[in-house]
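Whenever a hint applies, use it, and build me the whole structure from the sequences.
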Amino acid sequence: MAQLSKPIITGGHWYSPDGNPRHTVPYAGKREGERATTLSDARKLGLLPSVTGVMGVLAAPGLENWKMDMLLDHASRNPWSELDEPLEYWKKRVRDGAFQKNIAVMDLGSRIHTALETEEVPDDLKQYVEPVFAKLVEEGIIQTQREIVLANPQEGFAGRTDALIVRNGALKGVLDFKSKGTKKDEPIRAYSNHGMQLAAYGATAYGREALGNLCLVNVFVSTTEPGRVECIYHAPDSQARYYETFLHCCAIWRVVNNYDPRTK
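The sequence shown begins at 5 in the working numbering and counts up one residue at a time.
Relax, there's no trap hidden among the hints.
Think about it this way: if two alpha-carbon atoms lie no more than 30 Å apart in a straight line, the pair counts; the simulated DSBU-like pairs of lysine-lysine are:
(1) Lys130 with Lys176
(2) Lys188 with Lys130
(3) Lys188 with Lys139
(4) Lys182 with Lys71
(5) Lys187 with Lys139
(6) Lys184 with Lys95
(7) Lys188 with Lys71
(8) Lys96 with Lys71
(9) Lys182 with Lys139
(10) Lys187 with Lys130
The calculated label-pair distances, taken between Cβ atoms and stated as ranges, are:
(11) Lys187 with Ser114: 20 to 28 Å
(12) Gly231 with Leu175: 21 to 29 Å
(13) Asn69 with Asn24: 31 to 39 Å
(14) Ser44 with Leu175: 39 to 47 Å
(15) Met110 with Lys48: 26 to 34 Å
(16) Glu38 with Ala214: 35 to 43 Å
(17) Glu142 with Val109: 21 to 29 Å
Derived from the structure by calculation, the hints contain no laboratory data. Quick caveat: nothing in here was measured; it's all calculated off a predicted structure. Every residue gets a Cβ at the ideal spot worked out from N, C-alpha and C, and that includes glycine.
This is the structure in structure tokens:
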């Protein structure tokens, strides 16, 4: 099969068709330990890419613009002087330094996510996490299964969702937590990629025919306004459309990566 471009994934999250995570594989030979699973490994082992990995085929102009803004801002604060350092060294310093602040933010988001999963909440995270639990009660949301791997070998993907839920005692669905830096009075929005991710999980967990009758919800937890939590629901009439779009992404992913992981 001819390729559109170079493979877009060389590592990342991979799963066996029965849903076991295979994010790493043993080193070859006598070397001990494990390394990140690559696309080449996945082909040999018949592994499924993650939902987010599949969605990597989508353009993300907002993210790319944000990255460029971060680089330009840091470069403007650290102008290059030919007398002080070689240009290549300066470029590396700017690249490395531009996202240092965001590494700390990402770490906070990861810690919040872990606390939500385990309900073991360190004192410094209570201001972020306890309002989430209160919000779920207010919204009538009960998590029935947490951190569950959903594999869809027929369509060739898998992934780990934050929770399967029931809302108001009857409506089944899927929940995904998102940590986000917010600004006061600025609305929080969920986008089509959020809906596609949840629809993929929903179709896998409950069957494609259930789409349109599920509760698909992103729960946004602010990292900059402690206590701010918002639930964004994806409309029933959008769910089947989101899943159909996701399946188109799967088709593109297979061509670009020259690999079809679907069960024959």
